[in-house]
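According to the numbering used here, the sequence shown holds residues 1342 to 1913 in order.
These aren't lab readings, by the way, just hints derived from the structure by calculation. Check the hints yourself; a few may be wrong.
[Unchecked claim] Derived pair list, reagent style SDA-like, types lysine to any residue, alpha-carbon separation capped at 25 Å:
#1 K1788 <-> Y1863
#2 K1736 <-> L1580
#3 K1760 <-> K1788
#4 K1549 <-> R1421
#5 K1760 <-> K1903
#6 K1884 <-> H1846
#7 K1700 <-> R1680
#8 K1578 <-> H1616
#9 K1736 <-> V1895
#10 K1427 <-> G1445
#11 K1879 <-> K1438
#12 K1427 <-> P1456
#13 K1736 <-> S1603
#14 K1736 <-> L1564
#15 K1899 <-> A1888
#16 K1903 <-> I1494
#17 K1438 <-> K1884
#18 K1884 <-> P1908
#19 K1760 <-> R1680
#20 K1903 <-> K1884
#21 K1866 <-> Q1590
#22 K1760 <-> L1808
#23 K1903 <-> W1464
#24 K1879 <-> L1843
#25 K1879 <-> Y1598
Computed from a prediction, not measured in an experiment: that's the story for all the values here.
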Amino acid sequence: MAAVELRARRVGPVQTSGSPREDPLSQGTKSGRQEQESADGAACSVQVQPGTFWLTRIVLLRSIAFIYFVAFSVAYHQNRQLLGEKGLLPGKLYLQKIQHYAGGRVGLEAFSYAPTILWLLDWSDMDAHVDNIALLGMGLSLFVLLAGCANMIIMLLLWIFYHSLVNLGQIWYSFGWESQLLETGFLGIFMCPVLTLRTIPCHTPPSKIVIWSFRWLIFRIMLGAGLIKIRGDRCWKDLTCMNYHYETQPVPNPIAYYMHRSPWWFHSFEVLTNHFIELIVPFFLFIGRRMCVIHGILQILFQVLLIISGNLSFLNWLTIVPSIACFDDSNLAFLFGSRQGGVKDQVSKIQAKEALGQKPPTHYGAFIRRVLNISFGVLIAYLSLPVIVNLLSSKQMMNTSFNPLRIVNTYGAFGSITKERTEVIIQGTMSQDPHDPSALWEEYDFKCKPGDLKRRPCIISPYHYRLDWLMWFAAFQTYEQNEWLIHLAGRLLTNDSLILSLMAHNPFENRGAPRWIRGEHYRYKFSRPSGNHAAEGKWWIRKRIGAYFPPVNVKGLKKYFKERDWPIHETQ
1342 MAAVELRARR VGPVQTSGSP REDPLSQGTK SGRQEQESAD GAACSVQVQP
1392 GTFWLTRIVL LRSIAFIYFV AFSVAYHQNR QLLGEKGLLP GKLYLQKIQH
1442 YAGGRVGLEA FSYAPTILWL LDWSDMDAHV DNIALLGMGL SLFVLLAGCA
1492 NMIIMLLLWI FYHSLVNLGQ IWYSFGWESQ LLETGFLGIF MCPVLTLRTI
1542 PCHTPPSKIV IWSFRWLIFR IMLGAGLIKI RGDRCWKDLT CMNYHYETQP
1592 VPNPIAYYMH RSPWWFHSFE VLTNHFIELI VPFFLFIGRR MCVIHGILQI
1642 LFQVLLIISG NLSFLNWLTI VPSIACFDDS NLAFLFGSRQ GGVKDQVSKI
1692 QAKEALGQKP PTHYGAFIRR VLNISFGVLI AYLSLPVIVN LLSSKQMMNT
1742 SFNPLRIVNT YGAFGSITKE RTEVIIQGTM SQDPHDPSAL WEEYDFKCKP
1792 GDLKRRPCII SPYHYRLDWL MWFAAFQTYE QNEWLIHLAG RLLTNDSLIL
1842 SLMAHNPFEN RGAPRWIRGE HYRYKFSRPS GNHAAEGKWW IRKRIGAYFP
1892 PVNVKGLKKY FKERDWPIHE TQ
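Modelling step: build the complete structure from the supplied sequences, incorporating the hints.
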């Protein structure tokens, strides 16, 4: 027995399951694991306090960059056809007319009428200029979108580039979302440091003046939209506008097809909800932080519903952007990871230092920045005066700018609702005689606008087809008010590949150009989802109203084109 005990002592202490023996290597591994678990626990416990807007700035910049990227993408794919050397409304001719009006000089008068950097460039290759501006805009906006940071120089360049396209764009760029993007982009310039490219530039905290400028923007957008409705079409007071909207909006989508058939009481509820969101909710901005957050949530949800039920370009996506300014860092922290050294962790540390009274040392640049922010606020306040007067006026104008740089604008949408949908259908024929009853007229299809009765309504938002959108307006006007339509007809007569790139279907592809083109006017309605037409695969039913513009041919258009300096070519 003693010998056994002696051998046990020589071997070492007896190990039990409750107290295992650990060698130095396993102890080091355990220690490292404990440190890692401690670090992970600390990361998960990163807390961000309310009252600052570091994370808000990142989300705002990325959101603005996303809209810019879409807008410049639309420009790159369509501007050459619409505004280029051989565009439907050539930008070069437009600038020449402005220059002539300004006394033949490219001076302050010409620049104030159409602020664009194209005044400084050689117009001999307008196609290259509009393409290069769009490509530069796409590149810069993609960088900001991916990096989540920018400086004033990048945001200023984006603003200048898009301004240059908008002021060249004529009727193609004549809608409210263009001015809204320019105003939003202008505010974005002052969100950033001058030169620094850091996600969290510690010495340049987001200015609350700029945050409130974004809030002031969403307030004006929504209140202006609500007031223009109340002062406009009677159906907004009768609660019947939504009976028509889904069917008659510019570019419906498949959801609109089904929403149109909702019961009358649901449409009335939609109108009441619209009035609440646009006329009451905007004032939540001024009733404390909690109500401001509720405002932001309601406005974003409202815009999402509009995105789901229609193709209104990037308008609703853009309107979400200023609503983001309703949220501070504590509201948006869930969008960011909690790893050590990440942006959320950096913000938490900045807040902790500020809580202890440890603020970054004041320097000359900070003083200049403070002066710049105050000057910015004064500018916005001053430019808002005519906008406020317009909001209060019984003769309110919507989507209007009171300054050439479109820094502060008026907004509004659907002040009147069309009760019937009409469409211009472009047709061509190879027949020698357009008046021959046996002539076969074949239809062109556009990318998205209704035409083919069996084609499903498209889903393109936030992308935008500018020609399709203008065709909707042309349908309740005359071709004399839309001369570009005759230009379009002339280009189709020559099978112009540039213009045909804007179309979804050319019935004369690989067959030679048509001899005649005409425009027919139709009334369109949604088919009933469970009706006979839907069973035949038809989304639409239509009835002819009459001729929109008479048959035209190349020979007959030569004089018309020459008077407007539009080139016309023989069949391609």
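Consistency of the hints with the structure:
Distance hint between K1788 and Y1863 is fulfilled; the C-alpha atoms sit about 18 Å from each other, no more than 25 Å. Between K1736 and L1580 the alpha-carbon distance is near 22 Å, which keeps this suggested pair within the 25 Å criterion. Using a Cα cut-off of 25 Å, the hinted pair K1760 and K1788 holds, with the two alpha carbons roughly 24 Å apart. A hinted pair counts as satisfied when its Cα atoms are at most 25 Å apart, and K1549 with R1421 does not qualify at roughly 41 Å.
Only pairs whose Cα atoms come within 25 Å are accepted, and K1760 paired with K1903 is rejected, the gap being roughly 39 Å. Between K1884 and H1846 the alpha-carbon distance is near 22 Å, which keeps this suggested pair within the 25 Å criterion. Pair hint K1700 plus R1680 holds up; C-alpha atoms about 24 Å apart against a cutoff of 25 Å. Annotation: proposed proximity of K1578 to H1616 holds, straight-line Cα distance about 10 Å (limit 25 Å).
Between K1736 and V1895 the CA atoms are separated by roughly 45 Å; this puts the pair beyond 25 Å, and the hint is violated. The suggested pairing of K1427 with G1445 holds, with an alpha-carbon distance near 23 Å, which does not exceed 25 Å. For a cut-off of 25 Å, the pair hint linking K1879 to K1438 is broken: about 46 Å separates their Cα positions. In summary, the hint linking K1427 to P1456 is supported, as the alpha carbons are separated by about 22 Å, within the 25 Å threshold.
At most 25 Å may separate the alpha-carbon atoms for a hinted pair to count; K1736 and S1603 exceed this at roughly 33 Å. Distance hint between K1736 and L1564 is fulfilled; the C-alpha atoms sit about 15 Å from each other, no more than 25 Å. Pair hint K1899 plus A1888 holds up; C-alpha atoms about 22 Å apart against a cutoff of 25 Å. Proposed proximity of K1903 and I1494 is contradicted: the alpha carbons are some 44 Å apart, above 25 Å.
At roughly 41 Å between alpha-carbon atoms, K1438 and K1884 are farther apart than 25 Å, so this suggested pair is violated. Taking the CA atoms of K1884 and P1908, the gap is near 35 Å; set against the 25 Å cutoff, the hint is violated. Restraint check for K1760 and R1680: not satisfied, since their Cα atoms lie roughly 55 Å apart, outside the 25 Å limit. Between the alpha carbons of K1903 and K1884 the distance comes to roughly 36 Å, so the proposed pair goes past 25 Å and is violated.
Restraint check for K1866 and Q1590: satisfied, since their Cα atoms lie roughly 12 Å apart, inside the 25 Å limit. For the hint linking K1760 to L1808, the alpha-carbon distance of about 22 Å falls within 25 Å, and the restraint holds. This hinted pair checks out: K1903 and W1464 have alpha carbons roughly 20 Å apart, not beyond 25 Å. A C-alpha spacing of about 24 Å is found between K1879 and L1843, which places the hinted pair at or below 25 Å, so the restraint holds.
Pair hint K1879 plus Y1598 holds up; C-alpha atoms about 12 Å apart against a cutoff of 25 Å.
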